[in-house]
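J.: Going line by line, the protein sequences match chains A and B. If you read the first sequence in my numbering, its first letter stands for residue 3, the second for the next number, and so on. If you read the second sequence in my numbering, its first letter stands for residue 125, the second for the next number, and so on.
Rather than coming from a laboratory, the hints here were simulated on the basis of the structure. Ideal Cβ positions, reconstructed from N, Cα and C, are used throughout, including at glycine.
So, partial list: chain A residues that the calculated Cβ filter (under 10 Å) puts toward chain B:
1) S98
2) F99
3) A241
4) P242
5) V306
6) I340
7) G362
8) R382
9) L419
10) L423
11) N432
12) G435
Here are a few chain A residues that sit away from chain B, every Cβ distance over 10 Å (derived from the structure):
13) T8
14) G35
15) T46
16) D51
17) M53
18) Q109
19) L290
20) L302
21) K394
22) P405
23) E413
24) S446
25) E464
26) E465
27) E486
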Amino acid sequence: MLAQKTIHELHRLLTKKEIKPQEIVTSIFERIGRVEPQVKAYLTLIQEDAMKQAKIAEEKILKGEVLPLTGIPLAIKDNICTEGIKTTCASKMLESFVPPYDATVIQILKAQNAIFVGKTNMDEFAMGSSTENSAFQITRNPWNLERVPGGSSGGSAAAVAADECIAALGSDTGGSIRQPASFCGVVGVKPTYGCVSRFGLVAFASSLDQIGPLAKDVQDAAILLTAIAGHDPNDSTSAPIEKKDYTSKIGQEIRGMKIGIPKEAVQEGLDKDVQGVFEKDVEIFRSLGAEIVEVSLPHLEYAVAVYYIIAPAEASSNLARYDGVKYGFRDEGGENLIDMYCRTRSLGFGPEVKRRIMLGTYALSAGYYDAYYKKASQVRTLIKQDFLNAFKKCDVILTPVSPTPAFKIGEKTSDPLQMYLSDIYTIPINLAGVPAISLPGGLSPDRLPIGLQIIGPHFSEEELFKVAYQFEQALSFKEKPRLEE
Amino acid sequence: MKISRQEVAHVARLARLSFSEDEMELFTNQLNQILLYMEKLNEIDTQNIKPTYHALELTNVLREDKVGPSLPPERVLSNAPAENKDMFVVPRIIR
Chain A
3 MLAQKTIHEL HRLLTKKEIK PQEIVTSIFE RIGRVEPQVK AYLTLIQEDA
53 MKQAKIAEEK ILKGEVLPLT GIPLAIKDNI CTEGIKTTCA SKMLESFVPP
103 YDATVIQILK AQNAIFVGKT NMDEFAMGSS TENSAFQITR NPWNLERVPG
153 GSSGGSAAAV AADECIAALG SDTGGSIRQP ASFCGVVGVK PTYGCVSRFG
203 LVAFASSLDQ IGPLAKDVQD AAILLTAIAG HDPNDSTSAP IEKKDYTSKI
253 GQEIRGMKIG IPKEAVQEGL DKDVQGVFEK DVEIFRSLGA EIVEVSLPHL
303 EYAVAVYYII APAEASSNLA RYDGVKYGFR DEGGENLIDM YCRTRSLGFG
353 PEVKRRIMLG TYALSAGYYD AYYKKASQVR TLIKQDFLNA FKKCDVILTP
403 VSPTPAFKIG EKTSDPLQMY LSDIYTIPIN LAGVPAISLP GGLSPDRLPI
453 GLQIIGPHFS EEELFKVAYQ FEQALSFKEK PRLEE
Chain B
125 MKISRQEVAH VARLARLSFS EDEMELFTNQ LNQILLYMEK LNEIDTQNIK
175 PTYHALELTN VLREDKVGPS LPPERVLSNA PAENKDMFVV PRIIR
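Please construct the entire structure, taking both the sequences and the accompanying hints into account.
T.: Okay, structure coming up:
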């Protein structure tokens, strides 16, 4: 089945003209027809459009113009603007929003003649760790339909895991690519802050948000990042970096590299199965000739508190734009302008979004700014410093991705703080702005994937892919979800 | 209690949100729980620590002031809940 293949496998077949893009798209939609009723990864599917795109890709290929993503079907998280295709952020607020322009990453992928399959489900405005905060539907984990796929890019991760696309884009503000990748047994990358343009990504917390790839293997993730990374004049926070080939070091050995294990990595609340997999994974690095060194991230335990002040503060400001005037939902029942704002926002946003707007507004309000927002931003400096210090002693750092494997649907929805605490390993990476990759590290005894996180210094993506690839080859994780049994 | 019901009502007004009585109750409880957890940060002495507001320090990103392509008005207005003659329509403000 073509839908099960990777970008690099399909690229080879397309280049040799052994297959046509239309055959891949057909295979993907056949697969979607069979498994999507169970998984519910997509909010919007664009089959007709995808077939048209495939035809155009075929013409390019016949002319010999085959770029790495030409003819490859991709899924896009529904907070990335796609011209003419609804972009809802899984919110009632944007239920009928049709962007008049493409995000920069979409423009780039179109220029490569990649094919879009549809838009994937997520936590509303990317706020959540389970995709249960979607206003429209619950996405299920392809490995176990009673469990969450993680979040907020849960739809993208589930679509990749269930072979409903070849690869996908997600966004990561506090772990929203890496945690669902871990829960669904796929590869996910949060690039260095500023590496990928945020133009056309619906803003959540602007100092933390990054778009990144979700893919079936490390090489595919590197290929997708290579396509989308680079400076964009339309995003003033995008880093002035040259275009790079992030696959360039894949295949190089890692003998002699220093792998840091934070002594804080194994802590209270870490599930026994996750700890067991993590320890075995560390041994694999040793067997590859890497040197294991202990490092320390002393402020790790404060990261969740810092994040849940800074991210909601930025969100409360960013989400002020949803006022029922320029786009999106408006409630017509109001008596006056202020009334219209309040009714629109109260009916348009779901509970988690409101909770974060409240938290953020409070943290920024007169009298509390210094105690919360400024204090959190100062501790953020210390967290960033922890990473800079640790990278003086090692090349990359390993940690688990999430303290537990995928949890049950409904298990954490009534206690927001418990949900927040599950982000402990992913949040510090966004606060520091460094890149990290999540890739399969093993399976729990009840067949749930457990991810491993590899963290590198700013702009060290090539090294991260090199290390991740060697680990992936050595572990040789061949398990797949058993969806149709 | 870190935050009272009155304060929650005040913050809701600032954020242009309105809540039912039940929601007020739930939000007050949840916000208190979360803010109590934030107390953790007071364990750290942050005197003389420079705050980090951005992961990547870029200042004064400038470009040439040149007119580029932009969206035509009808497309800008295409998602507006109400519009008239190239303008967004809002409820009456002045009586």
